[in-house]
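A.B. asks: Chain order of the listed sequences is A and B.
Residues 1 to 423 in my numbering are what the first sequence spells out, letter by letter.
Residues 1 to 287 in my numbering are what the second sequence spells out, letter by letter.
There may be inaccurate statements among the hints.
If you only want the chain B side, here are some residues facing chain A, beta carbon under 7 Å, derived [as the list claims (entries may be wrong)]:
| # | residue |
| --- | --- |
| 1 | Asp41 |
| 2 | Ser44 |
| 3 | Val259 |
| 4 | Lys260 |
| 5 | Pro263 |
Per the computed footprint, the stretches of chain B lying under chain A, defined by three or more beta-carbons under 8 Å from a beta-carbon of chain A, are [what the hints assert, rightly or not]:
| # | region |
| --- | --- |
| 6 | 113-119 |
| 7 | 251-258 |
For the record, the hints were derived by calculation from the structure and aren't laboratory data.
Beta carbons are placed, not taken as given, at the ideal position from N, Cα and C, and that holds for glycine.
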Amino acid sequence: MRIAFAGLTHLGVCMSIGAHESGADVVAFDPDTSRVEDIRRADFDAAEPGVVDFLRGSHPAYHVTDDVKDLLDADMVMIALDTRLDESGENNDSEVVHLLNYLAAHVPKHIPIVVASQVRPGFSRRHRDLYPELYYLMETLIFGRGLERTMHPERYIVGVADTSKVLPAAFKQYLDMGKCPIHVMSYESAELTKLAANFVLSANITAANSLADLAQRIGANWEHIEAALRQDERIGAKSYISAGLGIGGANLTRDLHGIKEMADRLGVDSSLASTMLGHSAYMRNWMLREINKLRRDRPIGSMAILGLAYKPGTQSMRGGAGIDLVETFELCMDLRVHDHAVPMPPRPRESRATAVKSAGTAMLGCDIVAITTPWPEYSPALQKYLSTAPTVAILDPFRIIDHSWVLTSASRVIQLGISDEQP
Amino acid sequence: MNNLDGRLVVLGATGFVGGHVLSRARELGWEVLGLSSKDLDLTSPGGAEMLSAILRDGDTIVHGAATVPARNALELIQNLQMTQSLVDGVVGHEIAQLVVVSSDAVYGGESGVITEVSACSPDSMHGIMSLAREMMCLEVKLPVLTIVRPAPIYGVGDPHKSYGPNRFIRQMIESGEITLFGQGAAIRDHVFIGDVANVIVRAIMARESGVINIASGQSISFAEMAELVCQSGSDGSHVAVVGSESLPTFRNYDISNLVKMFPDFDPVSPAVGVRQVISEIEGSDHG
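For reference, chain B alone in the conformation it holds in the complex (with noise of 0.2 Å):
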């Protein structure tokens, strides 16, 4: 039931989500290629050809290398030679998924509720990027493409300490002050790294294709936010409001079609997400 056909390839293999896949792929048993940018550099010249005398017919893609978030043409560009590497290194064999890790930037930074029907109206350059990476990859002939459409992730690995739980959480741990902007009003979906990857490689297992967007579906304020994280902590943490917050916008997915997909996928709750995190950080600091 968890094997998988032939090898996994990931690219972007110590990223954030390309080394949670890798992780999760290994404790399956599956046959798994991580590649890193030292490995094989996507962005030079010959990428594209080392790539094809790397990959086998049969082998399954996880295209996870990017540079993120792109955060101006020189970024954008990067990003787009990484993607035509790829795009064109798969000519010529027979592979049998691509699952391209995107983002839901897509679909712009707009209140509402989101769902894989959702027009995409990227309005940063990382939306412009990530969609700009899909339709490359749309034009590949494939048995099967999977687009998986991200949250904002949190968990141990992410590089970016973007604001939001990962910073949060460093900030409690190294000084026990968490600081938020104004009110905190603003309402995300922060999806755990661990479900994130836990879809891709259901969706490899059943080879699903299409658009799949990985969230939580419960969305939370950063005040509230930053408050499980004080009230996981230690003693004494606490949150310091600082300036204002620009005006909040109100971000909540519809998880219908995950649930629909994998009716057994449970996606961890802020809460224990927020005390997973914690724990596994203060495990490694203290190992």
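Looking at chain A on its own, in the form it has when it is part of the complex (with noise of 0.2 Å):
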């Protein structure tokens, strides 16, 4: 079975590779030539797992092309651009648009496009005139867990206009590649699938950081609750009700701006989707208010900040907690900033913003210590420092420290949900 993948951004890039290592011969396309030197440069994401290695080896069976006549004796073309956000954190499917366009107008009519990127409920119908075996399938990519998501997905949701109809043969032999359940629906509810999923994934981190902020003040362990939570069966054990700062990273928030949008549109109450938003905005700033807490007490001269990737496994900083208190505080503090995997972006010249390269280096003689990514590798250095009973407050929302690890009550830990100060 030949597969065109078209779109070789993260979505793109992965779920080809997955395709390929289940076993398809893969035609890895995009009519932007520069993004198809970056693919065979190997130039990609290093916190994905896997992906660059694949790229820098030979492999007969993976071809990466921006001519779009290697198309043409593909079995299928599934359109996988990652959607864009645009300034607001809003949807903007405009390239995927354009995509659909273009090979609506150079694919033979009988190759199924299956569109896999971000889209909003009612694309799919709205763009079937263009090509009439047009489908839809959910991706459910998690950042840093790119082709292990795309290789072993727990299940393939798929939106079709005519669910009597059954799937083309080529488009059944890829998900059959899953050997995982099939849910075919219409496009609506498929489509819907998506920002359902990520709407219930955020009620759940909504839950969970409201309640960890109100069990740091009253002397409780969010922890401890969170761990019983996990055994109720209603509940489930991986269930999102780890508290963090707020909810991250921008595909989470997109579709509940999404949701938030459709339903006022079509008189729908959107208030749920308002509070959460509202809600992860607050937690986000739960290092400014920690912070200012700390600095009633004394003076604050210099903070360490590890990490600037939103989250582990990621080059993006988009939404991050880090870039967030270089901003703020750079003018006012010596800040020492550490990342391994994302450069510190360039500062105005009256910054006070400097970086490091490695974590102990930051730390060293900081009043505060910020862990804004919890990076793994951060855990042995943490523990490290705190070996030298430094005065220090360690501000660790992600809870990354041991406080075993703490020898003196100098070294001072303050946990997001874990109150430091028990009854």
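Please dock the two separately framed chains into a single complex, following the hints provided.
C.D. replies: Take a look at the structure:
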């Protein structure tokens, strides 16, 4: 089977490699020559495990091209271009539409085209006139787990124009490679499922954050509560109830905006989406509130910022707490900033932020250490640092510090959801 | 760094906020013009013309002229007349910045955490008046429009003696007895007048536009505030509980936006602020 993937951004690259590794012949296509060149040079997010190694290797059944003619003998074409977010975090599907138009003009009409890009409900039905053999496949990629998720999906959700018709053989064959349940439903249901999943996840995160914030104030420990909740079958062991700095990343919030916009337009109450977005903004300021409290007790002259990536396994800073702190405090205190995967963007001339090569160097002699990305390598660095009994306040929203590492009350560890003043 | 291009014109110059802004600006050596209702009656029919004659291109205006709190329709209308005179008076002038001194009453009186994105839902005449003043000023075309919404303010020079630190401090000094309604469980953020003036001056220096809530970020209950005043006052001061408290509401501020805007700004804590007010009042009483 020969599958073409169109759109060589994060989603397309991960999906195409996944299909290759599952045994398909793959054409990785993008009309944008510069993107094709990047992939040929294996220039890709290094924090996505396995991808760069794969791209550096030689794979006769993985053909990277910007020539649309290479798609003519494909059994199906998957549009897997990541949908851009505009400045306000809204979905901007214009590039996906453009690509679909381009393919519709060049691909023979019998080849099914499957849209796996992040699109809003109504997209597939609206564009079906353009290309009758149009299908939708919900993507469930997670940054940092791209290949794993594409090769071992928990289920496939497929949107079709008419649920009474059978799927094209090639598409069915592709889905069968996933060895997982396949849910075929209308375009609208499948497209909404994508948003629904993110909405429910966001609701869980919001509930956890809200309660963890409360727990921290009343002498409780959210981690203990979380562990107990996970054993409740109705909540589930894998539920998104770890407390954090708001709803991380841009995809979940984008889909909340999407639901809100749709609901507002259709006269459906959208207050839950608004509440979650508002609470996420509030939680993102957790570090600021804690820093503000700390400086009531003593002046703060320097701060180490550990991590610029919005989460481990990605090079994206979007929505990350690290860059927020840099931008807020760079003019009024010395900041030492570390991230081994994400370089600090250029700073204004008067900035007092310096990028340093190791977490240990960043922390040395600082008044505050802010752990803004829980990179696994920070744990040993913090353990070593705490063994020197430093006088410091460490902001640890992700709770990566084990309290047994703390040797002196001069090293104060402030963790989200965990009161450091046990009653 | 501390220089201001052009002149600072403060409307409501003898008012609580206006007076402190004026003092702070003078300390910085700015060219200032303070106008009180005696100098310029903005409620009079010729108020706008008179203001227009006074204003110069490049002026920065702090609009602190108001009758507060507005308790009835008449006071609301008076306040809107003052603001209308301002709106009409700036026409034809190139004003560098307008700072509108508003109030957190625009958010209504419900419990909750308030930020600049909290919905405005005034539930008092004063709140409606404050929001209307803001909206009237939004109609003016200006390069920089700043709306500051302080939490309840305390400090020397407050003419209202409203329930809270100002009244507690005055009672403590005069009789040693602070009157607390019921349990005093309601929670408020009380912001020190010096901080309000400071933020307004900073907002002018940075030419910040938009809404800025000014609060301490350290809400406490009325009972805690009364206790704080007691502890900071003379020996024998005590709290007397009278009557009962209506259903208490709990109002907290998330001042993250203020921190982001002015990261080196450190609001005065209630304990420090109360001590400072007491010492200033006692100093002036003895003087």
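A.B. asks: Work down the list of hints and note, for each, if the structure agrees.
C.D. replies: Right, here's what the structure says about each hint:
no.: 1; hint: Asp41; in the structure: violated, 42 Å
no.: 2; hint: Ser44; in the structure: violated, 44 Å
no.: 3; hint: Val259; in the structure: holds, 5 Å
no.: 4; hint: Lys260; in the structure: holds, 5 Å
no.: 5; hint: Pro263; in the structure: holds, 5 Å
no.: 6; hint: 113-119; in the structure: holds (count 3)
no.: 7; hint: 251-258; in the structure: holds (count 3)
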